[in-house]
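Hey, can you work out the whole structure from these sequences and the hints?
Protein sequences, first through last, are from chains G and F. Using my numbering, the first residue of the first sequence is number 19, and each one after it goes up by one. Using my numbering, the first residue of the second sequence is number 19, and each one after it goes up by one.
Honestly, the hints are just simulated from the structure, not real lab data. Among the hints, a few may not be true.
As the list claims (entries may be wrong) - Simulated DEER-style distance windows between Cβ atoms:
{"id": "1", "chain 1": "G", "residue 1": "Q320", "chain 2": "F", "residue 2": "D233", "range": "39 to 45 Å"}
{"id": "2", "chain 1": "G", "residue 1": "T161", "chain 2": "F", "residue 2": "E197", "range": "25 to 31 Å"}
{"id": "3", "chain 1": "G", "residue 1": "G104", "chain 2": "F", "residue 2": "D24", "range": "51 to 57 Å"}
{"id": "4", "chain 1": "G", "residue 1": "T161", "chain 2": "F", "residue 2": "H307", "range": "30 to 36 Å"}
{"id": "5", "chain 1": "F", "residue 1": "V113", "chain 2": "G", "residue 2": "A247", "range": "29 to 35 Å"}
{"id": "6", "chain 1": "F", "residue 1": "E257", "chain 2": "G", "residue 2": "A247", "range": "51 to 57 Å"}
{"id": "7", "chain 1": "F", "residue 1": "D233", "chain 2": "G", "residue 2": "S261", "range": "53 to 59 Å"}
{"id": "8", "chain 1": "G", "residue 1": "D90", "chain 2": "F", "residue 2": "A324", "range": "40 to 46 Å"}
{"id": "9", "chain 1": "G", "residue 1": "S261", "chain 2": "F", "residue 2": "G199", "range": "26 to 32 Å"}
{"id": "10", "chain 1": "G", "residue 1": "D74", "chain 2": "F", "residue 2": "V113", "range": "56 to 62 Å"}
{"id": "11", "chain 1": "F", "residue 1": "Q159", "chain 2": "G", "residue 2": "E267", "range": "30 to 36 Å"}
{"id": "12", "chain 1": "G", "residue 1": "S282", "chain 2": "F", "residue 2": "A325", "range": "50 to 56 Å"}
{"id": "13", "chain 1": "F", "residue 1": "G199", "chain 2": "G", "residue 2": "E201", "range": "44 to 50 Å"}
{"id": "14", "chain 1": "F", "residue 1": "P337", "chain 2": "G", "residue 2": "Q320", "range": "51 to 57 Å"}
Here the structure is a predicted model, which means the values were calculated and not measured. Each residue gets a CB set at the ideal place from its N, CA and C atoms; glycine is no exception.
2 protein chains.
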Amino acid sequence: MSEILDIAAVVERLLKVDNILILCHKNPDGDTIGSAGALFWALKALGKNVMVLCSDEIPARYNYMNIAVFDDSYSPEYIVAVDVAGMQLFGDVTVSWAENCHLCIDHHPSNSRYADAMLLDGNAAATAEVMYDLLVAMGVQITPIIANCLYTGIATDTGCFKFANVTPRTHTTTAKLMEAGAEYVMLNELLFESKSRRRLAIERIALESLEYHFDDTCALVVLTKEQIAETGADGTDLEGITSMPRTIEGVKVGITMRQQPTGSYKVSVRTSTGVNACAICARLGGGGHHRASGCEIIGGLQNAKAALLTEVERELKNPTPIEEQE
Amino acid sequence: MSEILDIAAVVERLLKVDNILILCHKNPDGDTIGSAGALFWALKALGKNVMVLCSDEIPARYNYMNIAVFDDSYSPEYIVAVDVAGMQLFGDVTVSWAENCHLCIDHHPSNSRYADAMLLDGNAAATAEVMYDLLVAMGVQITPIIANCLYTGIATDTGCFKFANVTPRTHTTTAKLMEAGAEYVMLNELLFESKSRRRLAIERIALESLEYHFDDTCALVVLTKEQIAETGADGTDLEGITSMPRTIEGVKVGITMRQQPTGSYKVSVRTSTGVNACAICARLGGGGHHRASGCEIIGGLQNAKAALLTEVERELKNPTPIEEQE
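Written out as structure tokens, the structure reads:
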């Protein structure tokens, strides 16, 4: 179990060390990369020797952060993980470093407390929000590049200020980042107004397969393994599709069935407030959150669909109470 | 020409009058309705007799504002227009009232100053931002319903904090509205996460017609009058489609051609930074802003498309300088 530190204690520890390695989670998103980038530039400004490491390549869209990535000649004395909630999220390249992680800075209440010490703020919408407070407490000037990194973390983790995790603090921190020079017009265009051709190709196929059930309260999309292969859609493209059926007016349960290379169907269930997605998936051997859950169904399409729709209908008729979780 | 007032002068005038009519612009959006709703509830709290009037029906999605709409038995002594930049934007029902408009509250720098007096803040992202400052100066408590109205105005006019008009003040005002009880989770879902079946049907057709030109830097969508009729897509649905082609990775010019009932093509051109959409459309008899312009082309599809692509190619090869406007 980690020692829980407050911001002042974290500042003290970081100021004492010189060679620092920052670790991101695998399949990196804007928050883990943005928080790492901001900490990287802040520690550099304090004269430290810093590098960043991630098990997966940092996507090219984040090149503007201009982060120095770890090379083998570097031997760090202090290891900091940012936005990594558990050991299983490090990936092959970073996991051995993570075993000796001195500090974790995070906003996930579910953090497994694998690091020696941690700065955890479960009320923050993004780790970048925690990082902003930390850098201010360190006396670091929030330069435009640091502001860009932190804006990226906050904006991506909140769906550009759209998700339920946004708080008044999210907006006041963002105002300060904009005043510090965050290039939010460029960043919003880059992060939210740009879709790959692959993504549009898979959207088209999803829309062609769209069908409605139970008085149009359930919308269902099926993607075959051939269609996925034909469009070249990757994990990110496919994840983006899963939110679509639920956003249709009047739809309470949105379902995406993605055929896997083995032939089985990976099912994503998204529900509107009050409908228990987890209850639907749990009866099919899956699980998740009450508005976003998943399961895998083996068998032909018609059988898989029938099994799924039976559980959806059951849940719509006899709702399983939703227990609020953290 | 209007007398230009500051906030204190506007407060003084509003406190002096009792029977107030608030006018919105036609084809009402979240900012004109939300600003009207906030002013309505604020004046009610001060014991005034207030009603709201719009030439078009207020869309049902804004029912949560619970605004009392004008009836004929009402005879107002003071008329306030909100978010209406010029006389031509009132519409048939409100235009006769607008001719005697005492006050206009707006954020459009292009406002034609038709009202006797005005409160204009061209740096505000939305009229709702100006309205927030006004209501605070009036000493009105920002209740949850007022916060919902103002949040709606700000969020819709900024594309949920995504557009270039957002400033630090936009975020700090939003933080205050959330603290005052704005139901942002419900509002974001209602305003940004909900699409009609008609909209998805026309998106599908748009994606099916998508074609690329000039090394994939130009993406073009064509919608025939039969397809538009078949899906039942309305103006809002079709407007939403026009931004799609430009958001594709690598695309600098996104074009949507919508066949009109007369057979001609209404063309929307959207460009990325540095490409002059207005120059393309101006050569075809249209115009607009430098990143969003339009024109109408008469003739068969192949001829219309050829004429358009010729101008796109010309602009990509020999860019017309963009003069920054207000």
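These are the hints, each one checked on the structure:
no., hint, verdict
1, Q320(G) x D233(F): 39 to 45 Å, "44 Å, holds"
2, T161(G) x E197(F): 25 to 31 Å, "29 Å, holds"
3, G104(G) x D24(F): 51 to 57 Å, "56 Å, holds"
4, T161(G) x H307(F): 30 to 36 Å, "32 Å, holds"
5, V113(F) x A247(G): 29 to 35 Å, "58 Å, violated"
6, E257(F) x A247(G): 51 to 57 Å, "35 Å, violated"
7, D233(F) x S261(G): 53 to 59 Å, "32 Å, violated"
8, D90(G) x A324(F): 40 to 46 Å, "57 Å, violated"
9, S261(G) x G199(F): 26 to 32 Å, "27 Å, holds"
10, D74(G) x V113(F): 56 to 62 Å, "60 Å, holds"
11, Q159(F) x E267(G): 30 to 36 Å, "34 Å, holds"
12, S282(G) x A325(F): 50 to 56 Å, "51 Å, holds"
13, G199(F) x E201(G): 44 to 50 Å, "32 Å, violated"
14, P337(F) x Q320(G): 51 to 57 Å, "55 Å, holds"
Checked against the numbered hints above, the structure breaks hints 5, 6, 7, 8 and 13 and satisfies the rest.
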